[in-house]
Amino acid sequence: MLARVDDRHQRTIHISIDGRAVEVRAGDTVATALLAADIAACRISAVSETPRGPYCLMGVCFECLVTVDGVGNRQGCLIEVREGMAIETQSRRREAGR
Amino acid sequence: MTEAGTERRDYDVAVVGGGLVGAAVAWGLARLGQRVAMLDEGDDAKRASRGNFALVWVQSKGLGMAEYASWTVRGSQAWPALADALSRETGIDVALQQPGGFHLALSEKELETRAQNLMRLHNQPRMVGYETTILGAADVRKMLPDVGPEVVGGSYCPLDGHVNSQKLLRALHTGLARHGGTYLPGRRVNGIATRDGAFRLSTPRGELAAAKVVLAAGNANMTLAPMVGLSAPMLPERGQIIVTERVAPFLHHPVVTIRQTDEGSVMIGDSKEEATDPAGMTFPINTVMADRAVRMFPRLARLNVVRTWSAIRVMTADGFPIYEQSTTAPGAFVVTCHSGVTLAANHALEIAPMIAKGALDESLGAFSARRFDARPR
Ligand SMILES: Cc1cc2nc3c(=O)[nH]c(=O)nc-3n(C[C@H](O)[C@H](O)[C@H](O)COP(=O)(O)OP(=O)(O)OC[C@H]3O[C@@H](n4cnc5c(N)ncnc54)[C@H](O)[C@@H]3O)c2cc1C
Ligand code: FES
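If you're matching them up, the sequences are chains A and B in order. So that you can map any letter, position 62 of the first sequence is 62 in our numbering, and since no number is skipped, the others follow by simple counting. So that you can map any letter, position 235 of the second sequence is 235 in our numbering, and since no number is skipped, the others follow by simple counting.
Isolated chain A, as found in the complex:
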């Protein structure tokens, strides 16, 4: 369970994660929004089909892949949340060209 360091007061932003309405802070990345919402696993891996979640939080490991506004396999840690954004975790493994 991750707790926020409450020393900055950011605007509230409304997004959805898997259809559920969630309030996050302006400036959050999609990956931090997921972690703050207690979602540690955001996808399953392509070969072994095991759960994976944000790890490096800096664009290197490609573990934080999620579907953002309908586009699959985006790196959540590199995308800032926007009002109305729809994030989906990936419960099915990624297929080429599907």
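Quick caveat, the hints were computed from the structure, so don't treat them as lab data. Hints are not guaranteed to be accurate.
One-sided excerpt, in silico: chain B residues whose CB lies under 7 Å from chain A [as the list claims (entries may be wrong)]:
id, residue
1, Asp139
2, Arg246
3, Val247
4, Arg302
5, Leu303
6, Glu362
Listing some non-contacts, in silico: residues in chain A with all C-beta distances to chain B over 12 Å [what the hints assert, rightly or not]:
id, residue
7, Ala3
8, Arg8
9, Gln10
10, Ile17
11, Gly27
12, Ala46
13, Val47
14, Ser48
15, Gly53
16, Tyr55
17, Met58
18, Val71
19, Arg82
20, Thr89
In silico SDA-like pairs for lysine to any residue, Cα to Cα no more than 25 Å straight-line [stated by the list, open to error]:
id, chain 1, residue 1, chain 2, residue 2
21, B, Lys142, A, Ile44
22, B, Lys142, A, Ile17
23, B, Lys46, B, Ser265
24, B, Lys167, A, Glu49
From the three backbone atoms N, C-alpha and C, an ideal C-beta is built for every residue, glycine too.
We have chain A; now place chain B with the ligands onto it with these hints.
Chain B with the ligands in isolation, oriented as in the chain A frame:
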């Protein structure tokens, strides 16, 4: 008494270079009980062993030297024993798969060129016989259902395969350590002298003595070999690779320029062979690689690219391996080649025992660097 900065422990063999070739030989020697030191540069070094395409590849090898074709076939056949031994000794699965591989053609002309080259290869004197079949589009599609409409056919060789070459390098290093071998990074060898019946290798961190020395420093063999009366003419050359996001396994046979790794990534590489595509002249090589890959497998068009890199190939002047022992400084060997993944089993399981015994087998005579001499020595 030892001089300041001298590494005190003496070794049976000093292997210069910790890439795939050096590590294969060093591991092979260490498991025979030899005391081995492997000297390497630091992690800032450019290493073909870190940037390669990881095919264990047979078809097309050996045009111009039939012995190289036989050597490569032997390597492909010995690879399962290497993978087993590494897995047993280190617990690392190097993900060897040998389901047979393809070379795909995007036009009748390309297919024709491919067939002609294979015929020239297999018509050489002393050529070892092995199966490579030219297949039409329908037969290719039976084994690679995802090929695009532009694929008119290709060649298939059941000996071809691939591994995870990063895991291979790691396994060889781990295996070396298991057998008591010593890895010495940050030891760029800048001089080799023979004194008191031993080779003395000087490095920025002092001197190291060994009874034998194996030069396996890739393209740097060019400058190291003359220090011990050997020669290794090299012509380094750039290669490029594109890596996509990981996806569910769909490509069950490696293609010479496209393969799906054990972890699901698709790697797209370049191939100099039979560069018949005129786009090769006008567009950056990366663009051509990606374009050809998508025409071969249209499903690739929607994949995200996550990395690209280029790496310098280790390349001898004629592209064939150089294996030789010095006549003026016996005990000094050079071992270098351009397909260090494919030939890893040969180096670990055949060359290393020969070096331990002190002589390369006569059957390796074709790989002597004497072939580059204008006049016989
Ligand atoms: C893009 C590309 C694709 C490839 N694809 C394939 C493939 O599909 N299949 C295949 O079989 N092969 C492939 N190869 C070739 C393969 O990677 C090489 O044959 C192999 O890695 C060579 O290993 P090496 O140990 O000789 O060289 P390197 O990996 O270059 O290692 C040489 C080592 O020597 C060290 N060194 C250099 N000078 C000194 C010195 N003076 N003292 C101490 N250490 C020194 C370096 O630091 C380095 O660690 C490919 C290569 C490239 C670049
Ligand atoms: S968490 Fe590593 S790339 Fe996003």
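Margin query: Check the structure against each numbered hint from earlier and tell me which ones fail, lowest number first.
Written below: Violated hints: 1, 6, 12, 13, 14, 18, 21, 22; rest satisfied.
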